[in-house]
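K.L.:
Need the complex rebuilt from these two chains, each delivered in its own frame; the hints are there to steer you.
Residue numbers (my numbering), protein chains in the order written: chain A, 1 to 249; chain B, 1 to 247.
Hints in this document: simulated from the structure, not taken from any laboratory.
The hints are all genuine.
Pairs of lysine to any residue, SDA-like flavour, derived with a Cα cap of 20 Å: (1) A/7 - A/82; (2) B/242 - A/84; (3) A/174 - B/192; (4) A/174 - B/227; (5) A/87 - B/242; (6) B/242 - A/82; (7) B/242 - A/153; (8) B/242 - A/147; (9) B/242 - A/83; (10) A/174 - B/199; (11) A/174 - B/221; (12) B/242 - A/164; (13) B/242 - B/110; (14) A/174 - B/223.
What follows is each chain in one-letter form.
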Amino acid sequence: MWPIIHKLGSPKWFYTMSGRWLPFLWGIGALLITVGSLWGLAFAPPDYQQGDSFRIIYVHVPAAIVAQSCFAMMALCSLIFLVWRIKLADMAAGAAAPLGAAMTFGALFSGAIWGVPTWGTWWVWDARLTSMLLLLFIYLGIMALRGAFASRDGGARAAAILTLVGVINLPIIKYSVVWWNTLHQGATFSITEKPAMPMSMWLPLLIMVLGFYLLFAAVTVARTRNEIIRRQPSARWVRALAKGGRHGL
Amino acid sequence: MVRGACTLTAERADTDRVLDALPGLWQGFSATLIRDCRLRFRRRSELANPLIFFALVVTLFPLGLAPDSTLLSGIAPGLLWVAALLAVLLSLDGLFRDDFDDGTLEQLLLAPQPAGVLVLAKIVAHWLTTGLPLALASPLLGIMLSLPGHSMGILMSTLLLGSATLSLVGAIGAALTVGLRRGGVLLSLLILPLYTPVLIFGAGTVRLAVEGAPLAPWLALMGAMLALSLLAAPWAAAAALKLSLDG
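Isolated chain B, as found in the complex (with noise of 0.2 Å):
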């Protein structure tokens, strides 16, 4: 008996041992996350189009409208929130594509971390790179639109809460449509109906706090979003690109 105990303590031991020296979940995470921040970084270019896109259409309204400021400032929420929501579907495209033209996504996907966890490093580093700029930039063109000055809090926070989302549910249609040559339409045609909710919420909430309502149970229910699609997004994504690297 106490003999087995022994060599059972000592195998335990030794397979310890191996896992230590395998790089753990923290770090397989961390390390995704900072190589795609960098590579984001060296691409700085690229890095500034969702914003541009984002300015250029707010900018395409008050031409297409009229420059008419209690107009202007009675749309702004709706509208900062569209442009917001199709620069981070433009961007989306991006996500996986060139880890799956060079092959690094069937290392990550081989890697002895749980897939999902490197996904969600991934969603991660394309949020820091495209929600929360656009998030950081929404005040201006608030501003630009003559939303009143109180609500430019909410804004940036309902931007900051629905961007992540919106990166976590796109991730899933980025994933799909990776494979295949001309994924970009279909990309939209998969991933804005999902949008719907995300949009109406956090330009809801933006509307209601130009109003001067009181925005807690909307403000939970985008973090609820959130939550759900942390939860469930990165399991369907890393599904979904391992279906991408078969067919």
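This is chain A alone, in the form it adopts within the complex (with noise of 0.2 Å):
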């Protein structure tokens, strides 16, 4: 068990091979958006009652699936550095905040936008538009608390217990919101459940939830690998890859 943590955990090893993987992920992330938008923009039945406006889904319920799962990957990196102190995970948190800010932040601003046509208004105080809204100021506290230390370490370790402090948090302020106020639909996408809506509305959707999971992948991978590079720039690995290409990988 030990020698495979720790070498997961070692940047070097993290570095070649999500070498390998990375044009993967691109590959197919970009493959699934594509095919889902096509399918889900051109080829998906209108809705009955909301006409082609509800094809806003394709973006709003992708953005808004990952926005949530990139907070519980940041919690189990978190866990990862506060325990182990494998510090790839923290690289992987720092990578992955800015990315969940703004699929949090693509959620609730495609959301405005659909609002519009179906509730005639861009924002309501429902409950879980507000949940989404705390979500994205949790992240935009994790990202400045992490910028306002001046070590590296410290930034790190204190965006790792807010991180986890707010994962404690968020089902409590998501309840609370729920009770206090509620006019949002339940939840539209479910894979244990049998969809409410057609197949061909709900295949693009899931074609297209996947492409953002993948593509979320891509973009954390390559941020964490660039974040290897700039914190270990003498390392002797890494200056022979800025010389020769990946000899000695």
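P.N.:
And the structure:
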């Protein structure tokens, strides 16, 4: 067990291996998003109530799902970093935070645009909207806290503690806001239950969700690789990489 | 065999004697609590600041909206709660700041007692001098906002329960930012999203009390939030203090 964890936690090993995965992540992600967008925007049938405006679901739902998954991934990374001091976990958490914030913003923004034709307003103080807004603030707080420390290790540990506190608090925030006020419809997307929408609408959504996950993974891995190089520019393997391409890796 | 057991007992007695000489868990807790309370009472002007801030913010609303008693009594629960929350937030920066500057905090974390317990003592002292006075003063401001008389008790009890949660959760943020020179704005950015459940249930309970609805489940939920934060927050704050001292 331990050798595997240490191998996984080694920046050099991760850099080498992720260099092989990355083209696949980018390629399959781009393919899925292209197919999903074309299918969803052009071929899926229009909704019988909302008409074509429902098509914004193909951006809105994947962004919201990835925004929440990103926080779970950051919490896991923070726990690994705090317990086992594996720096790679912290690099991944740091790389994912701005993406999570961007996805949250994307979900809020696309939701606001969708709100105009369906609810007749850009914004309502509804449970889901409010809890996503608070999630955005928590992401921004974690990023600001990491940046505020002079020492990188201090910022990393502070961000990890705040992420773990946030992950305990997020369900409480979510349910408190749900009891406070609800207008938003229930979850549209579930793997385990039979979808309420017809297959021709649901399949492109599934493809888009998978595409967003792969895109998120690709960007996170790429940012983590950059961070590895940025943190140890004088390591022997990094210098070898800079000098002669992939020799010695 | 018998001799071995005897040596073991003797050794244990020795250890017990050493441990007896050290201050215990309760002694450490109460000494920190008394010290912090004494320090806070010696600076009376600072002690009054959260209360004055609370009263001032509440005064601003009738000026900004309209001095209409039906309007004010409608928004009074939320308004009092938001004002109290902001008053707690403003006082948080002082929770660890002085001890951090003069090095007391390092001694506190070096003490043989678990850091979480000593941090809890500091949080309790903070609550006794911030949340408790705010809760006691709230009916006065409630009357000025023409909040119905029968909901005053609930207003006070939600503020008592809720402000303790606010102090506990806020301590994590204060501990994370104590090492930073300009931590004030960052502190509110970190802590305010985490405060929303307390605000929702606190103000919601008072609003229900005004309408005369049953309150037991809401108060129970506020108690549950207090219990959870009592369990987790001192340890998270202690971990954050350790890293603030390292960094």
